[in-house]
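Asker: The residues making up each chain are set out below.
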Amino acid sequence: MLARLIPHPLLSLALVLVWLALVNTFTLGNLILAIAIGLIIPMLTAAYWPDRPKLSKPLKSIEYVAIVIWDIVLANIEVAKIILFRKERDIRSRWVSVPLELTSPEAITVLAGTITMTPGTVSTMLSADAGCILVHCLNTDDPDGVRDEIKARYETRLMEIFE
Amino acid sequence: MEFIAELLISLFLVVSGVFGFVGSYGLVKLKDSVQRLHAPTKATTLGVGGVLIASMLFFFLDTGHISIHEILIALFLFLTAPITANFIAKTYMVANLKQEKLPKSSSECGWSIYDKPPSSDEDS
Numbered sequence: 001m002l003a004r005l006i007p008h009p010l011l012s013l014a015l016v017l018v019w020l021a022l023v024n025t026f027t028l029g030n031l032i033l034a035i036a037i038g039l040i041i042p043m044l045t046a047a048y049w050p051d052r053p054k055l056s057k058p059l060k061s062i063e064y065v066a067i068v069i070w071d072i073v074l075a076n077i078e079v080a081k082i083i084l085f086r087k088e089r090d091i092r093s094r095w096v097s098v099p100l101e102l103t104s105p106e107a108i109t110v111l112a113g114t115i116t117m118t119p120g121t122v123s124t125m126l127s128a129d130a131g132c133i134l135v136h137c138l139n140t141d142d143p144d145g146v147r148d149e150i151k152a153r154y155e156t157r158l159m160e161i162f163e
Numbered sequence: 001m002e003f004i005a006e007l008l009i010s011l012f013l014v015v016s017g018v019f020g021f022v023g024s025y026g027l028v029k030l031k032d033s034v035q036r037l038h039a040p041t042k043a044t045t046l047g048v049g050g051v052l053i054a055s056m057l058f059f060f061l062d063t064g065h066i067s068i069h070e071i072l073i074a075l076f077l078f079l080t081a082p083i084t085a086n087f088i089a090k091t092y093m094v095a096n097l098k099q100e101k102l103p104k105s106s107s108e109c110g111w112s113i114y115d116k117p118p119s120s121d122e123d124s
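In order, the protein sequence lines correspond to chains A and B.
At position 100 of the first sequence (counting the first as 1) the number is 100 in the numbering used here, and the numbers step up by one without a gap.
At position 42 of the second sequence (counting the first as 1) the number is 42 in the numbering used here, and the numbers step up by one without a gap.
By construction, these hints were calculated from the structure, which means they are not laboratory data.
Predicted, not measured: the structure shown is a model, and the values here were computed from it.
Wrong hints could be hidden among the right ones.
[To be verified] With beta-carbon atoms standing in for the labels, derived distance ranges: (1) A/Lys-87 - B/Glu-2: 20 to 28 Å; (2) B/Phe-21 - A/Thr-109: 27 to 35 Å; (3) A/Ala-14 - B/Thr-84: 20 to 28 Å; (4) A/Leu-17 - B/Lys-98: 30 to 38 Å; (5) A/Ser-104 - B/Pro-103: 22 to 30 Å; (6) A/Lys-87 - B/Leu-77: 46 to 54 Å; (7) B/Glu-2 - A/Ser-104: 23 to 31 Å; (8) B/Ala-95 - A/Leu-22: 37 to 45 Å; (9) B/Ile-83 - A/Ser-104: 40 to 48 Å; (10) A/Pro-143 - B/Leu-27: 32 to 40 Å; (11) A/Leu-74 - B/Leu-72: 31 to 39 Å; (12) A/Val-73 - B/Thr-80: 29 to 37 Å; (13) B/Ile-66 - A/Asp-142: 38 to 46 Å.
[To be verified] Partial list, computed: chain A residues near chain B (C-beta under 7 Å): (14) Ile-32; (15) Ala-36; (16) Trp-95; (17) Val-122; (18) Thr-124; (19) Leu-126.
Glycine included, C-beta positions come from ideal geometry on N, C-alpha and C.
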């Protein structure tokens, strides 16, 4: 009964929080409206989510978000330095192919987004069977090091969260 | 408002302005489209982030009211920026890059814009 009423508890929670943040003032009326939205939208859209991602350790995601935000700040400073102080011909860009152990589409999406937001790398493409991701590095002399860092720093953490 | 509060807010505004400028300067300086992608996806994040933090500080110190809209803006930015970058990169690669210039994919299939996915039972 509860599973049919709330097919997707995390989505419901996210909708309630986002609605409350959107109206920006906390009143009882807003809370009731937020809960109504959080109940109705997942019910209407449940058909479009045949396989829901299962989070085995949701609390780990807080640690992940903190690490990524810290890396984003560092990435900004690093990229700004390259743009301002490197001569154009000294910027050595490389393509790096990173094999993936993650299998769920949601986890790969999060990983690709993380790679784009963090130090000097943009994720550009997956291989056709989603077993490998193509990353562009703005400036690196050590493509293998970049690959190992992505795998160690982000992928292993995402494996813990999603699988 | 106190002097220190004003100093803090202007500091965040200046930082965000500097990073916004660096991001735009990167667009001019870097030489190809994929390199140029790095400038707006990174430098602008901190640029926008600085303005948002300054805005939250201002509303908190001025009115004592915690404003949450800024967190939402940051959230939506983090969700959309990588997707835009990915679209631009793929379009550039289709138009300008030969497959031979890329490193080989280490899985069974090649890169998705050059190679077909393995056929599954549902497709056939």
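Asker: Given the hint of 23 to 31 Å, is the C-beta distance from B/Glu-2 to A/Ser-104 inside that range or not?
Answerer: Since the Cβ atoms of B/Glu-2 and A/Ser-104 sit about 50 Å apart, the hinted range of 23 to 31 Å is violated.
Asker: Could you say whether the range 32 to 40 Å given as a hint is met by the Cβ separation of A/Pro-143 and B/Leu-27?
Answerer: violated (25 Å)
Asker: Confirm or reject the claim that B/Ile-66 and A/Asp-142 have a C-beta distance inside 38 to 46 Å.
Answerer: holds (44 Å)
Asker: B/Phe-21 and A/Thr-109, beta-carbon distance inside 27 to 35 Å?
Answerer: holds (31 Å)
Asker: Taking 22 to 30 Å as the stated bounds, is the beta-carbon spacing between A/Ser-104 and B/Pro-103 within them?
Answerer: holds (25 Å)
Asker: Range first: 20 to 28 Å. Now tell me if the beta carbons of A/Lys-87 and B/Glu-2 are that far apart.
Answerer: violated (45 Å)
Asker: Kindly confirm whether 40 to 48 Å is satisfied by the beta carbon distance between B/Ile-83 and A/Ser-104.
Answerer: The hinted range 40 to 48 Å is violated for B/Ile-83 and A/Ser-104, with Cβ atoms some 18 Å apart.
Asker: May I ask you to test the hint 30 to 38 Å on the CB atoms belonging to A/Leu-17 and B/Lys-98?
Answerer: Given about 47 Å between the Cβ atoms, the range is violated.
Asker: Please check whether A/Trp-95 passes as an interface residue: C-beta within 7 Å of a C-beta belonging to chain B.
Answerer: holds (5 Å)
Asker: Does A/Ala-36 hold up as a contact with chain B if the rule is Cβ-Cβ below 7 Å?
Answerer: violated (20 Å)
Asker: Given a cut of 7 Å on the nearest C-beta pair, is the interface hint for A/Val-122 held or broken against chain B?
Answerer: The hint holds - A/Val-122 has a Cβ within 7 Å of chain B, the shortest such distance being about 5 Å.
Asker: Return the status of the interface hint for A/Leu-126: holds when the least beta-carbon distance to chain B is below 7 Å, violated otherwise.
Answerer: At about 5 Å, which falls below the 7 Å cut-off, the nearest Cβ of chain B leaves the hint on A/Leu-126 intact, so it holds.
Of the numbered hints given earlier, the model fails hints 1, 4, 6, 7, 9, 10, 11, 12, 14 and 15; all others are met.
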